[in-house]
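Engineer: Protein sequence lines, in the order shown, are assigned to chains A and B.
Reminder that position 59 of the first sequence reads as 243 in the numbering used here, one-by-one numbering, no gaps.
Reminder that position 297 of the second sequence reads as 797 in the numbering used here, one-by-one numbering, no gaps.
For the record, the hints were derived by calculation from the structure and aren't laboratory data.
Warning: the hint list may mix true and false statements.
[Said to hold, decoys possible] Computed far set for chain B versus chain A, every beta-carbon distance over 10 Å:
1. 653
2. 732
3. 743
4. 964
5. 970
6. 991
7. 1005
[What the hints assert, rightly or not] Using 20 Å as the maximum straight-line C-alpha spacing, the simulated DMTMM-like pairs for lysine to aspartate or glutamate come out as follows:
8. A:290 - A:331
9. A:328 - A:287
10. B:835 - A:285
11. B:796 - B:617
12. B:1023 - B:1033
13. B:1000 - B:903
14. B:835 - A:287
15. A:292 - A:261
16. B:835 - A:261
17. B:837 - A:266
18. A:203 - A:312
19. A:347 - A:266
20. B:796 - B:807
21. B:837 - A:261
22. B:1023 - B:542
23. A:203 - A:262
24. A:347 - A:285
25. B:837 - A:262
Beta carbons are placed, not taken as given, at the ideal position from N, Cα and C, and that holds for glycine.
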Amino acid sequence: MNTVHNVVIAGLGGQGVIKASDILADAAFRAGYDVKKSELHGMSQRGGSVSSDVRFGPQVWSPMVPAGEADALVVLEETQVEVNRGVLRPDGVLIGPELLDAEALKNKKSLNVTLLGALSTQLPIAQEHWLAAIHANLAPKLHKLNEQSFSLGRAAAERVAAKN
Amino acid sequence: MSDSPQLLSGDEAIALAALHAGVRLGTGYPGTPSTEILETFDRLGGRAQWSPNEKVALEVGLGAAFGGARTLVTMKHVGLNVAADPLFTAAYTDLVAGLVVVSADDPGMASSQNEQDNRHYARAAAVPMLEPMDSQEAYDFTLLAFEVSERWHLPVLLRITTRVCHAKTVVRPQNGFQAGSPVGPEPGFRRDIPARVMIPAYAKPAHRRLRQKLAEIAAWNDAEGPNRIFAGGSELCLIATGIAAMHAREAAPQASLLTIGMTYPLPLETIRTFAECCERVVVLEEGDPVLADALKAAGIAAEGKPEHYRYGELNVARVRRILAGDLSPEPVPPKGKPPELCQGCSHRGVFEVLRDLNCIVAGDIGCYTLGVLPPFQAMDTCVCMGASIGVGLGLRHVLPEAEARRVVSVIGDSTFVHSGITGLAEMVYNPPATGHVVLILDNGTTAMTGQQEHPGTGRTLSHDPTGRIHFEDLARAMGVQNVHLVDFQAAEGTLATLLKDLLAKSETSLVVTRQPCVLAAPKIRFYEKAAADRSATAPAAVVDD
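Bound-form chain A, shown alone:
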């Protein structure tokens, strides 16, 4: 069975959307999946809407997540939720800053990685691959902060899940 996991990460230019999707794609690649990742560069860098698609599984064909087929939508900026909601499948998971408590959001500059931590509870990718991907995609001086953010996001998502 060719189960492809579909994730869309969205936000505004400069928020680290592309960096987050790089880390996710790398983590999935390290976990041994076929991976495809796609977004549009260029004009989107100037503060406009940005979204990036990541797909992984035994075999992935198109690099773009079809509308209505995303398992998870990660949104870094509230105004971008409605713009992107159409990518989610009916029972897909929306992950945004409003789901997390203040403790999880204390590292403001690494919101993208915090939300990846929350996303990680939804995906079959082992912790070691996430950490390796964070190391490979960020400068060494940012490793500690981002590892911490990732853990905070993951723990916050687990707290939310335990409540429901």
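With chain A fixed as given, assemble chain B onto it according to the hints.
Structural biologist: Chain B alone, transformed into the frame defined by chain A:
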């Protein structure tokens, strides 16, 4: 390391393949979605250079190939318009070493002024074209392109599209490549006048040779070209190129699928054989119906897509609709937030002045094109690289005087070097009766494409010091009557006062507004410091400026 699988964008895969193919020189001009190819090639240790524009990049590449060096030339789709002149006649010549020209097309116009389909260029210039559908093929086809180029001694076009350029997919590099080991011919000059001097006496037989080469390549493409069949049922058979093949595979996994890797000259017999045993054959291609029309001309029965799908990118949903014959209106995705000039961007102040002075602004290609959007709405034309100057002059020539005096041409620093210098020559040579005012918005980088260097920055692609063109000196030497610099420390109102004064004169004027791009400024300071440190330790290496 180099043999293990990697997750690469199509652009990165082409750069890696160029390294493995022993490419000795990469040239190009930055342009989304092609820019990362040369940047990656440089980072991997290859020799890469930004040229002032694509025409020069291709000419340098052609010279290198005449000299026996494998050469890669990269550009975006509209860049090939600029480089079309050398391309069409380079096709007539006999190359010594491989020359691969990358055209990165932008269907859907993610970051371009048009969505022209550069497959037309392959047919028009009579050069072979390869079209990868993912990063693996981008890697494989780059290597293959050099083989084809050297076997038939002609340039080869590698056409990629935004989703192939920027999508990351898994690449397994070929075994045995080692960086630095010699691959391809050794550079050296061998005189061959009839093969390279395209006067009519030599060009006439050269054209016939070219057509003979294409006939041989078509036969090779049928026999062993990079075209693949995914076996499936005979009720539905798909013929697809580029990224459309990936969407097709996902949208109709049960269908038979033929993917065409070399799309010019086509493997028509392969296609004919594939199509013969099918009940329904559908051609899936982004952009213009180039393949569908070619099959029609060859008498191969196949459906094209409805006209509606000429526009924009394809995706899985659109391919499903094409296959289902669904002609109902497509759902319109909600609009996101449009891009804008950065907070603190030096262009903002310029467009505020142009808006307040009610100027008619002939604009150009770059970040500053965003000056057309609110709150400025201070741009009236934007067509192609460098057009601001010519278009501004044309307006000045014909408009009533009161309107003519409001016309200003606005162009960025990199765009000015690319195609603005000849416009300045035109202004000096054919000045309008009211004169003209050209503004160079010099932010010290090619900002829009991701902060690349150019001849106006005085740094090479890899940010090392080199010769620099000074715009003010150049304009004075060319005979522009008034040349002014407004730098970022100028008092508020300086630019408005100066412009009012120049617009009232019937003279030719150039104003350079200079302030580093806010995104690039920290890096520029870093490069300048590195250069200063180096020249302090090695006085002989001091460069001008």
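Engineer: It remains to establish, for every hint, whether it holds in the given structure.
Structural biologist: Hint-by-hint comparison with the structure:
With a cut of 10 Å on Cβ distances, residue 653 of chain B stays outside the contact zone with chain A, its closest approach being about 35 Å. At the 10 Å boundary, the C-beta of residue 732 of chain B stays outside the reach of chain A, the nearest C-beta of that chain being 13 Å off. Against the 10 Å criterion, residue 743 of chain B falls within the reach of chain A, whose nearest CB is about 8 Å from its own CB. With a least CB separation of 22 Å from chain A, residue 964 of chain B remains clear of the 10 Å interface cut-off, as annotated.
No beta-carbon of chain A comes within 10 Å of the beta-carbon of residue 970 of chain B; the shortest separation is about 28 Å. Here residue 991 of chain B stays apart from chain A, with its beta-carbon at least about 28 Å from theirs, past the 10 Å limit. Even its closest Cβ contact with chain A, about 35 Å, leaves residue 1005 of chain B beyond 10 Å, as expected for a residue assigned away from the interface. Between residue 290 of chain A and residue 331 of chain A the alpha-carbon distance is near 13 Å, which keeps this suggested pair within the 20 Å criterion.
For the hint pairing residue 328 of chain A with residue 287 of chain A, the CA-to-CA distance comes to about 17 Å; that is within 20 Å, so the pair holds. A distance of roughly 30 Å separates the Cα atoms of residue 835 of chain B and residue 285 of chain A; the hinted pair therefore is violated under the 20 Å criterion. Between residue 796 of chain B and residue 617 of chain B, the direct Cα distance comes to roughly 19 Å. Compliance with the 20 Å bound is thereby established for this hinted pair. The straight-line distance between the Cα atoms of residue 1023 of chain B and residue 1033 of chain B is roughly 15 Å, inside the 20 Å bound, and the hint therefore holds.
As the CA atoms of residue 1000 of chain B and residue 903 of chain B are separated by approximately 14 Å, the hinted pair is consistent with the 20 Å bound. Among the hinted pairs, residue 835 of chain B with residue 287 of chain A is inconsistent with the structure: their alpha-carbon atoms are about 33 Å apart, more than 20 Å. Straight-line distance between C-alpha atoms of residue 292 of chain A and residue 261 of chain A comes to about 12 Å, which keeps the hinted pair within the 20 Å bound. At most 20 Å may separate the alpha-carbon atoms for a hinted pair to count; residue 835 of chain B and residue 261 of chain A meet this at roughly 15 Å.
For the proposed pair residue 837 of chain B and residue 266 of chain A, the alpha carbon gap of about 12 Å is at most 20 Å, so the pair holds. With a CA separation close to 18 Å, the supplied pair residue 203 of chain A and residue 312 of chain A stays within the 20 Å bound. The hinted pair formed by residue 347 of chain A and residue 266 of chain A fails the criterion: a straight-line CA distance of about 26 Å is larger than 20 Å. With a C-alpha separation of about 16 Å, the suggested pair residue 796 of chain B and residue 807 of chain B falls inside the 20 Å cut-off, and the hint holds.
Between residue 837 of chain B and residue 261 of chain A, the direct Cα distance comes to roughly 11 Å. Compliance with the 20 Å bound is thereby established for this hinted pair. At most 20 Å may separate the alpha-carbon atoms for a hinted pair to count; residue 1023 of chain B and residue 542 of chain B meet this at roughly 17 Å. At most 20 Å may separate the alpha-carbon atoms for a hinted pair to count; residue 203 of chain A and residue 262 of chain A meet this at roughly 19 Å. Under the criterion of a C-alpha separation no larger than 20 Å, the hint pairing residue 347 of chain A with residue 285 of chain A is consistent with the structure, at around 13 Å.
Pair hint residue 837 of chain B plus residue 262 of chain A holds up; C-alpha atoms about 12 Å apart against a cutoff of 20 Å.
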